[in-house]
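Undergrad: Here are the chains, one letter per residue:
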Amino acid sequence: MKEIPYILSVQHIRKEYSGNEQTLALEDVTFQVKRGELVAIVGPSGCGKTTLLKTIAGLLTPTEGMVLIENRKIEGPEKDIVLVFQEYNRSLLPWRTVLKNVEFALEVNSYPSSEKKVKVEKYIEMVGLRGFEKYYPWQLSGGMQQRVAIARALAYGPKILLMDEPFGSLDARMREELEDELLRLWEELGITIVFVTHDLDEAIYVCDRLLVLSERPAIVLEDIPINLKRPRNQLATRSDPTFIEYRNKAYKLFKQKSLENQKT
Amino acid sequence: MIVSKENKLLGFALVIVLLLLWEGISRLKFVNPIFLPPFSEIIIALIKTTLSGELPKHIGYTIFRCFLGYFLATFVAVPIGIMMGRSKLVYSLFEPLVEMLRPIPSAAIIPVAILFLGIYTKMKLAVIIFGSLWPILINTFHGVRGIDPILVDTGRTFNLNKKQFLMKIIIPGASPSIATGMRISLAIALILAITVEMIAGSDGLGFYIIDWERSFHFKEMYAGIFALGILGYLINFLFLKVDSKVMRWYEGFTSAVT
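Protein chains in written order, with my numbering: chain C, 1 to 264; chain P, 1 to 258.
Do not take every clue at face value.
[As the list claims (entries may be wrong)] Below, a list of computed lysine-lysine pairs in the PhoX-like style, where the Cα atoms sit at most 20 Å apart: (1) P:162 to C:79; (2) C:134 to P:219; (3) P:168 to C:117; (4) C:100 to P:168; (5) C:134 to C:119; (6) C:159 to C:34; (7) C:79 to P:48; (8) P:88 to P:163; (9) C:119 to C:159; (10) P:48 to P:162.
It is worth saying that the hints were derived from the structure and are not from the lab.
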């Protein structure tokens, strides 16, 4: 069998919202993601990043274009792909404990209960939440809640994990901790991650490739491969001259584009 | 609100003072003791009618009607409320009808119900169902509409099928609202059970209270009203017990968020 080069292929996605006023959120977005790659998407706030992720997740239907997973066009939510939301406190089921929230991911497909139990325990252990199984999400800190959401998404067993500003509402220290945690999980599980953030430093720190989106309606301005050595380190990586070069390059793209917009 | 033990005693003390006052004005004939017998004699009447089995039998009828009607109303209202909350089509279909029927005071449909269903159980159940339907329906609808869109998207990204979505997201998500509606309706069901019994038929606590009044058994009448008060209190108490067990997460959730 021929090896499929890209696990995810986003082809000319255009998304218009029809309401009282027609809004064009995505102009024309195209990119590919290789198996096992960690791609970060940055863009100014309100540029349509969430729309893009929801479209890839199959939660929104594009006006034009299509999303392919392993060369198969998706028609809606799929078992191979799952989205982690920024609003972890609203995405976890408040009537379920940590254990039951993670188990939720396995209830869709009927696993035998013994296998289910082993899996749930494995992922709870993996995100470092052992001992908190019986807690309700709202009894936990923000960082821990997002860990539950990540454990739940991983337990679902997707090939592609989509993350929409997952650490956006955490404080700086917790954010760094979870960035490293995510990288560890990613290396351990070998899954593909598409990570959306508005934080340029965070994006460069975690990713293999950086996609810079324009302001709304969004297009991909630049696709920058990030060649920083792994494992990444909060101090060493962030002070690496190459890191700063990438940062400057992407930053200039933003600035330049917004200046052009002001002129026109 | 958290009330200290001392303050709780204060509330009970007021009840006792009022009862003593009642006893006093009746014994001292400030009001006609035939119309307002001393409290102690009402207690004796309550004990007598209870021991004779008369009162418990009629309480039984009332409870049976009240709960049967209430559960049937829940059984009808929750699915319709959910469908109205989930489907624009169903909403458009039912909304005008609901808004026209809902404001009719339930007691006003008793004559119609008697015309078509007679004066026995069928009519009584119909009136109870009609009256207790609306709060459950409206609250279920609002509960479903108020489910966090992120929670809905979560259900979708995990690829739940329709049935799983209903059972794992919609119903638990709307359950606090459904419980509110059910609590309002429980009181309505009891009121209507008593009302229809007073108007038609020959059994139930409502019938007995009015029958005692008409036959000048005022002590027994008051005893019936007392029994009703106790019944209402117990039903509400029971509901809150069940509610706080099932909805434990909701209390924690809301107090954590706000």
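Undergrad: State for each hint whether it applies.
TA: Status of the hints after comparison with the structure:
Restraint check for residue 162 (chain P) and residue 79 (chain C): the C-alpha separation of about 16 Å stays at or below 20 Å, so the hint holds. A C-alpha spacing of about 55 Å is found between residue 134 (chain C) and residue 219 (chain P), which places the hinted pair above 20 Å, so the restraint is violated. For the suggested pair residue 168 (chain P) and residue 117 (chain C), the alpha carbons sit about 19 Å apart, so the restraint of at most 20 Å is met. For the hint pairing residue 100 (chain C) with residue 168 (chain P), the CA-to-CA distance comes to about 11 Å; that is within 20 Å, so the pair holds.
Taking the CA atoms of residue 134 (chain C) and residue 119 (chain C), the gap is about 16 Å. The hint holds against a cut of 20 Å. Simply put, residue 159 (chain C) and residue 34 (chain C) have alpha-carbon atoms about 11 Å apart, close enough for the 20 Å limit, and the pair holds. As the CA atoms of residue 79 (chain C) and residue 48 (chain P) are separated by approximately 69 Å, the hinted pair breaks the 20 Å bound. Straight-line distance between C-alpha atoms of residue 88 (chain P) and residue 163 (chain P) comes to about 19 Å, which keeps the hinted pair within the 20 Å bound.
For the hint pairing residue 119 (chain C) with residue 159 (chain C), the CA-to-CA distance comes to about 16 Å; that is within 20 Å, so the pair holds. Proximity of residue 48 (chain P) to residue 162 (chain P) is assessed by CA-CA distance (about 57 Å); at most 20 Å being required, the pair is judged violated.
Checked against the numbered hints listed earlier, the structure breaks hints 2, 7, 10; every other hint is satisfied.
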